[in-house]
Amino acid sequence: MLKYILIPLLPLLSFIINILFGRNFIKDKAHWIAVPAVAGSFILAVSAFMDVQAGNVINVNIYNWIVSGNFNVTIGFLIDQLTAIMLIVVTSISTLIFIYSIGYMHGDGGYYRFFSYLSLFVFSMLMLVMANNFLLLYFGWEAVGLCSYFLIGFWFHKKSAADAGKKAFIVNRFGDFGFGLGVILVYLTFGSLDYLKIFSNTGIVLGQTINIFGNDIDLITLICLMLFCGAIGKSAQIPLHVWLPDAMEGPTPVSALIHAATMVTAGVFMVARCNPLFSLSHTAMNTVAVVGGVTAIFAATIALVQNDIKRVIAYSTVSQLGYMFLALGVGAYSAGIFHLYTHAYFKALLFLGSGSVIHALHNEQNMQNMGGLKKYMPITYGVFILATLSITGIPPFAGFFSKDEILWRAYSGGELGKFLWLLATVAALLTAFYSWRLIFLTFHGRFRGTHEQEHHLHESPRVITVPLMLLAIGAVAAGWVGIPPLLMEHGDKIGEFLAPVLGHPHGEGSHAEEMMVMGMSILVAAAGWFIAYQMYVKKTDLPMKVGAMFQPLYKLLYNKYYVDELYSRIFVQPVLKLSDKVILGFFDAKIIEGVVNGVPNLIGAFSNKFRKIQTGLLSNYGLVMAIGALAIIGYIIFMR
Amino acid sequence: MCIKNSNMSETFVPSDYFPVVIFFIFALLIGFGTLLLGVVLRPKRPYTQKLYPYESGNPPVGEPRYKFSVKFYIIAMLFVVFDVEAVFLYPWAVAYNKLGIFGFAEMMLFVFILLIGYIYVWKKGAFDWE
Amino acid sequence: MNTANYLVDITMIMPELTLICVALILLLLDLVVKNKEVLAAVGIAGTLVALYGTYKLFVFHAPQSVFADMFVLDGYSNFFKLIFYLNIILTILISLKYMTIEKASFGEYYSLLIFATTGMMIMASAADLIVLYLGLELMALSTYILAGLMRKQLRSNEAALKYFFLGAFSSAILLYGISMTYGLTGTTNLREIAAALQTLNIMESPAVFLGLIFLIVAFGFKVALAPFHMWAPDVYEGAPTSITAFMSVGPKAAGFAVMGRVLFEAFGGMQMQWNSILIPLAVITMAVGSIIALAQTNIKRMLAYSSIAHAGYMLLGIIAGTPEGLASTANYLMIYMFMNIGAFAIVIMLRREGFQGENLDDYMGLAKSHPLASALMLIFMFSLTGIPPTAGFIGKFYVFMEVIRSGYTYLAIIAVIFSVISAFFYLRVVMYMYMKDPKEDVTLTTSSTLSIALAITAIMVLILGIFPSFLLNLVRSSIPG
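Listed in order, the protein sequences are those of chains A, X and W.
According to my numbering, the first sequence holds residues 737 to 1376 in order.
According to my numbering, the second sequence holds residues 4 to 133 in order.
According to my numbering, the third sequence holds residues 337 to 817 in order.
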């Protein structure tokens, strides 16, 4: 029992100790507290995983939070197969990132602060995955968002970082509002927030509708879509994807943590967790699948032309998350979680690897100024190649198995299946292309940076490369737990393991078709490599020509479809204007005050001060009140 | 919006109040109309003497509105407070026999509270002119 | 009408009488005692005695009404009185040092606070429109003076004068509403009004409705519902900060107390009608409060608009139209008291001789120099935003749930949208404290009483967030379904 509580508690303790004593006592020794804490969590998580594997699903209520009449909320942990996998992913990746941060953040002024926020972040994520009810899930959900706000804006001297933090927070709030309403609706519908009570009682919502603005909406669909709103925000799906690429303004370990293990996976986890609800609503499922599929291809196209190394990886995250939602949407929940799990390793590897590159180049992030790094940084190059082989889906690397599973499930499932499969396959081609483009631009050719930079080029220290190598093992081998039965008897262990929670995906197809899908996936991965190789190694003038040939398209992609600009134009500016000019001018008297102050002084200094109140503002205020009262009366008389 | 007021519309129709609206319009018309009539009909021959506030009095010097010492206001306010107390005492005195001991106690309490106010005001120096 | 009967009645208003006595004693004490801390101590002691009295009445007497059914003692009034007691105690605690800095440390301050509180208590217990008006005026007149207590500051004078004139305006509207209701039903007693509406069958009468509208407008003024909120930003900004804290909770709670009682008890059968007014008011209030607050740079003004927005959320509980909904509003008010006074206590800490400390810029980098104060402010801001596990979340969650339960899902959606917007300006304070560099060194003014108040509010915000059951049970048993 204590073991399970300790899993989130250790990072929390690390946070508390560091934040309280970091400033004056611990200072640059913060990692001596944080790393053992999170490593301890990892060991406990492994032990919890073994318990679950032995068949012990744990569901304990720890504390009755609200007990009042018919209003009951208890807080507790549910550690089942799904949670166990998430625990492993979160704690293992976090541990490696923590170790990596020792080297990466060395000498930073806010060293202790960094580790305390990082610990809090991990704590929040662990609470999120371990919750056995929606309220605790919501708590973790909000806390993760807040921590990301602090971490992305960690270097707040950098304006872009502070802005990115703000943006992440604001965009997430929009998703969270839907999620919050979803939770309230769940409570009102089921009378409980406890997962098991709700999931064992899903029958009662069938056929229920709710009236909103005169339209009858299917209740379960509404609930699922509301919850999915939150997932869209947290997991950066269209149309709320804009925060994630900016989030890389934070320190690289933070990007890695956000993109790989925590935060963005929360949405995927949540939808998988709520699969008994989602499975009831056809509309919601299709929405999830389509949003996922479209995001996968949409983000991949943007990644094609970006020059910032971290930005490419960031868009690749958005795209890969799209894959996961696609899988969830076609009912292949375990495939989605499987991909989440393999993705965590190779994506963390890519980010930390790029951090290593950036570190070596003294904060150069533009790939056009890199090149030829493979002879200077052999280890980084090696792990990068492994991660890329994994993400592009070359067997037998981890990414191949999870991606193939998704493609196959898409192909074989549902009326939208073939269409989604097509989207995903094209996205796979694009993924292969931009991933190899990154490799070739960064590590091949000759160095395009300044002499100054070239002079200082060096492989990163051990504290950075060791976590990279450990992650590389994951990027290679993590997928072997999910080898499809087609290739190996008793394969797909992870699917079997998750089946008690997530069920078996249904969908029919012959072995031949499955082979075809698999072949296609390998083929497009190879094709992506080939095109990238041709363009960036063989004929290096080709990219320029292609870019010039498709100038408008290139610009559109380079500017990320102008989504940021669009949002700024549609939402941000009007709201600011509204707040600033119209309402402020109308309801707040500052403007009126100015006019009145300009009225010539008539009665003398003393009374003038009061005149301002009596004849200017005050009567104005009274007028608004009177008009308000009259408006109500008028409204009542004429609006019926 | 889900405002349902169907049950109200049966008894209340704006047209029921149409005479009231007409009444208001007439009231306004007559009010403004007579003023307007005066403006139109009256002869307008202004000259300086005529525009003085007191046509046959002293010519005014300075602004008509000037500051009074705040002390006047304080005295006036305090006067009102204790004046009201005195006014209260009259009906109480007239009905004294009917109110009995309870009425007596209540009035004593009332006077006592005002007495506290009186002491407070005195001590604060509100009665000092200088 | 015998004396013994009167004595029973008087027992029931002992807490109010105690407070009046304490206020009078303070007035006299002020003349002889120079040390204002003594007055504050007497004030707090007197309040505690009254609190004890209310507790005893609660324990020993079943809910009942006295003075010819004009004054009721029930769970509802007791719960609100508890809010008022805590409100005044916390206000006195935060104001001691502050009023000295403002050079407005007058003895009258404490007696006026107590008079205002007495007025609120009378309002909470009023079962008759006349008694309601009596309490309301006692409260209002005291707060007018309190708002203008910084006599040397023009801003404060302006606030008081504006509050007074607009308050008088709203009182007139209230009286208009009362007289219309009286004229149509022949009574000012709330329960008899309800009965008269039934027997005379005039519920659909537009004249009754008009009276109801006037009552709502007047109450709306007191709780600062848009568009009757115009006074709030100016008055909140101009008044002494401790009084701003007091005003943002006390009169608001009292206003909701009477609004709840009048609407539920007297006009309970006309819920459709009053909801058709309250729903648009709630939406406008939340919109105005949340959106305009975005543009504020003065923290007192920002909190004023925030207070308007919160009034909108609280109104949702009344719109729900169930005793549960009313309970959620009362619960929200109790929570709001802790978090809002806490936030104002931090604002007060920044004020020192020759430094206003009201601009948002003054909070830049506060976390570096004063981590504890910043952490407390962070808690209060989180709570005002409604982030779990702070108390603010419980308050909002309960209200939203009740309003959805009553079938106004769309209102909850709107409310959630505005609370999303409101997150931006609350968290902007947090951002300024934690993620900016200080412009200049800020020294905090601390005193033991202020620290006590901060400790109480912060701990309560956290405790009510983590262990909300106690408060929820209290409010639910106070306002039975």
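Source of the hints: derived by calculation from the structure; they are not laboratory data.
Misleading hints may appear alongside valid ones.
DSSO-like mimics (lysine-lysine), calculated; alpha carbons at most 30 Å apart, straight line [as the list claims (entries may be wrong)]:
1) W:439 x X:74
2) A:1291 x A:1275
3) W:775 x A:763
The structure presented is a predicted model; accordingly, all values stated were derived computationally and were not measured.
Hint-by-hint comparison with the structure:
| no. | hint | in the structure |
| --- | --- | --- |
| 1 | W:439 x X:74 | holds (23 Å) |
| 2 | A:1291 x A:1275 | holds (22 Å) |
| 3 | W:775 x A:763 | holds (24 Å) |
The structure meets every hint from the earlier list without exception.
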